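Peer 1: So the chains spell out like this:
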Amino acid sequence: MAYEVPHLRALEAEAIHVVREIHAQLDRPVLLFSGGKDSVVLLRLAEKAFWPAALPFPVLHVDTGHNFPEVLEFRDRRIGEIGARLIVASVEATIAAGRVEEERGPRASRNRLQTTTLLDAIAEHRFDAALGGARRDEERSRAKERVFSFRDEFGQWEPRRQRPELWDLYNGRVRPGEHVRVFPLSNWTELDVWEYIACEGLTVPSIYFAHPREVFMHDGMLFAVGPVVQPPEGQPVFMTSVRYRTVGDMSCTGAVRSTASSIDAVIREIAATRVTERGETRADDRYCQDGMETRKREGYF
Amino acid sequence: MLRFVTAGSVDDGKSTLIGRLLFDARQIFEDQLAWIAQASEGRGGDGALDLALLTDGLRDERAQGITIDVAYRYFATARRRFIIADAPGHLDYTRNMVTGASTADVAVILIDARRAVPSQARRHALIVSLLGVSHLVVCVNKMDLVEYDAAAFERIVAEFTGFATRLEIRDVTFIPVCALHGDNVVERSVAMPWYRGSPLLYHLEHVHIASDRNLIDARFPVQCVTREPAREFRGYAGRMAAGVLRRGDDVVVLPSGQCTQISHILTFEGEVEEAYPPLAVTLTLTDPVAVGRGDLLCRPDNRPTVARAVDAMVCWMGDRPLTPGARYVMKHTTRAVRAQVDAIHYEIDVATLHRRPASALARNDIGRVRLRVPDAILADPYRRSRATGSFILIDPTTNETVGGGMVEGATS
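Residue numbers (my numbering), protein chains in the order written: chain D, 1 to 301; chain H, 1 to 412.
No wet-lab data here; the hints were simulated from the structure.
Since we're looking at a predicted model, the values are computed, not measured.
Glycine included, every Cβ here is placed at the ideal spot set by N, Cα and C.
Check before you lean on any hint, since a few could be wrong.
Claimed, not checked - What follows is a list of derived Cβ distance ranges for each label pair:
| hint | chain 1 | residue 1 | chain 2 | residue 2 | range |
| --- | --- | --- | --- | --- | --- |
| 1 | H | 398 | D | 2 | 41 to 51 Å |
| 2 | H | 229 | D | 153 | 30 to 40 Å |
| 3 | D | 259 | H | 154 | 53 to 63 Å |
| 4 | H | 115 | D | 86 | 37 to 47 Å |
| 5 | H | 263 | D | 268 | 50 to 60 Å |
Unchecked claim - If the Cβ cut is set under 10 Å, some of the chain D residues that face chain H in the computed set are:
| hint | residue |
| --- | --- |
| 6 | 5 |
| 7 | 6 |
| 8 | 14 |
| 9 | 47 |
| 10 | 166 |
| 11 | 168 |
| 12 | 175 |
| 13 | 191 |
| 14 | 216 |
Produce the entire structure from the sequences given, and follow the hints as far as they go.
Peer 2: Here's what the structure looks like:
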């Protein structure tokens with residue numbers, strides 16, 4: 001049919017439009033990059049938005065210190081390829097400076113501590129916009145998120161105070177000290193992200209594909225044995241083929257049993273799956289029903 | 001891909017309908033089901049799954065049992081990919097309905113089979129019509145509570161049709177459903193053999209929306225200027241808002257009026273011969289004319305109005321009322337300009353569709369307003385082109401988006 005646009009191309013066009021609007025409306029944007037598949041796609045969209053010019057703003061990684069080593073290596077390589085300026089904000093530094101306290105106990109994670117590190121980095125560099133790869137289909141409270149999501153001078157998110165978003169007219173006006181979080185992938189699903197990765201020939205960290213790992217069961221999820229997470233007393237450890245559906249930090253990201261070792265196999269697996277991406281593998285969402293909403297109100301991604 | 005907005009009064013079962021749609025189309029994941037089961041227990045229901053919980057995502061509304069903000073849900077069938085904008089039915093949140101409808105191809109409105117058409121449904125139908133949503137599906141819900149009686153359905157059809165004839169909605173379809181039990185949502189209802197139309201999902205999968213786009217009037221609002229000094233490159237990045245532009249086309253830059261031609265249409269993948277909505281491209285021009293963000297490219301013989309005054313239908317969303325003399329920032333395509341309210345022609349009484357004089361528009365009011373824009377916008381009537389006929393109003397003192405407008409007339 002004449003002038004038909006496949007839905008992936010339509011999503012891409014919308015996202016490029018959003019990225020360009022940020023650049024046009026705000027003075028000091030930054031792209032949040034975790035090395036995960038969504039930020040890989042986001043980075044490619046930003047590349048396309050400004051081509052043939054270079055990315056006009058820097059890339060920020062909030063490093064918990066508990067990242068998968070494969071992801072860090074991937075991050076450095078990919079950012080190096082694009083020639084973008086990488087800023088790494090360290091949660092360990094935030095802890096060392098006494099700004100936050102390391103969690104203790106069996107469910108300890110640095111996940112929530114990232115919020116302070118992120119907000120500190122935003123304040124330090126005076127960023128007025130932060131682009132993230134979050135999608136609305138990821139989680140209940142994200143389903144209500146705007147594309148341009150306003151954060152006050154404390155970095156906080158108040159769902160009742162978000163601006164109505166009509167047509168594709170985005171309002172990014174902020175006062176000094178405030179910033180806006182922008183989500184160009186708002187309307188993308190997990191499957192869309194993978195299909196785009198396949199279509200564009202993008203590389204993602206190897207942990208997304210099946211590989212053998214020593215794991216143990218905990219709280220209904222499979223965790224990798226490593227420097228950050230140790231199996232509780234008496235919990236059996238075994239070797240099996242797993243992959244990661246999402247890249248959080250090692251303390252709260254579970255693996256899934258899988259033999260999918262290629263993008264096509266991953267896509268087939270996701271298309272048939274009966275559990276959401278975060279439901280299967282994110283311990284941080286489980287600790288209470290409102291986990292994500294509470295963290296967002298505090299200023300989390 | 002089809003975007004549809006759902007609207008209905010609180011208690012009409014809209015959230016249940018969406019939950020049922022996703023559930024029957026097997027789009028709900030196991031962990032989501034487990035969560036619903038757990039939360040349904042907390043609600044003290046009869047143990048049945050409360051599918052509305054699927055879409056009530058925020059703490060406050062789960063506690064209150066109503067929907068506060070627009071929730072976007074995504075699902076696909078073999079035939080089509082869908083985005084649902086689930087808008088709250090509570091009177092106070094009309095602004096969210098306008099948000100959801102602004103990008104929708106189809107609107108789904110729910111009406112309780114036991115009652116007359118409520119004013120909230122009329123307000124939603126009016127908004128749907130104003131926002132140029134071409135296709136409306138009216139689901140007459142809770143048919144189980146009227147014994148699946150065809151007469152009850154027909155009565156609502158007649159009442160709504162009488163109201164809707166005065167609205168400009170091209171295509172209205174009525175479907176009798178029972179969201180709670182699944183009748184005519186995905187599966188055809190065995191309890192209503194008198195109904196010969198399609199169930200809701202089938203209708204949504206097949207409704208023809210391709211012809212809703214404007215492919216006639218070429219409009220390219222410039223979003224960014226892309227410069228790559230090393231290659232002496234200067235291009236104009238943006239999204240085709242309407243119409244089709246081809247390499248070599250004669251174009252005029254507005255508002256300056258300078259004429260030139262398109263030398264190349266570029267994308268990351270390479271050069272293309274033509275650009276059309278909703279594609280994002282970068283254009284280069286043959287002449288070194290002055291072009292910046294906020295300018296618009298079009299054909300010399302088909303131009304929007306370089307408007308310094310517009311008459312528009314405005315949906316007011318701000319806390320402080322709109323009054324004559326008030327000043328705002330208007331964002332129209334990629335242009336942000338000063339705007340001042342000249343006059344309020346009338347307000348629309350949503351229940352009757354009658355016009356009445358108004359000295360102000362309060363939150364949730366809809367009225368026709370004249371605005372003066374000294375720096376000009378490049379406008380088309382909204383009916384002709386959504387992208388170049390729509391705007392938002394921003395209160396410069398609070399930075400809030402306080403209104404959404406649709407151009408009906410424009411004068412230079």
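Peer 1: Now look at each hint and say whether the structure bears it out.
Peer 2: Here is how each hint holds up against the structure:
| no. | hint | result |
| --- | --- | --- |
| 1 | H:398 <-> D:2: 41 to 51 Å | holds (45 Å) |
| 2 | H:229 <-> D:153: 30 to 40 Å | holds (37 Å) |
| 3 | D:259 <-> H:154: 53 to 63 Å | holds (57 Å) |
| 4 | H:115 <-> D:86: 37 to 47 Å | violated (60 Å) |
| 5 | H:263 <-> D:268: 50 to 60 Å | violated (44 Å) |
| 6 | 5 | holds (7 Å) |
| 7 | 6 | holds (9 Å) |
| 8 | 14 | holds (7 Å) |
| 9 | 47 | holds (7 Å) |
| 10 | 166 | holds (4 Å) |
| 11 | 168 | holds (8 Å) |
| 12 | 175 | holds (7 Å) |
| 13 | 191 | holds (8 Å) |
| 14 | 216 | violated (21 Å) |
The structure shown violates the earlier hints numbered 4, 5 and 14.
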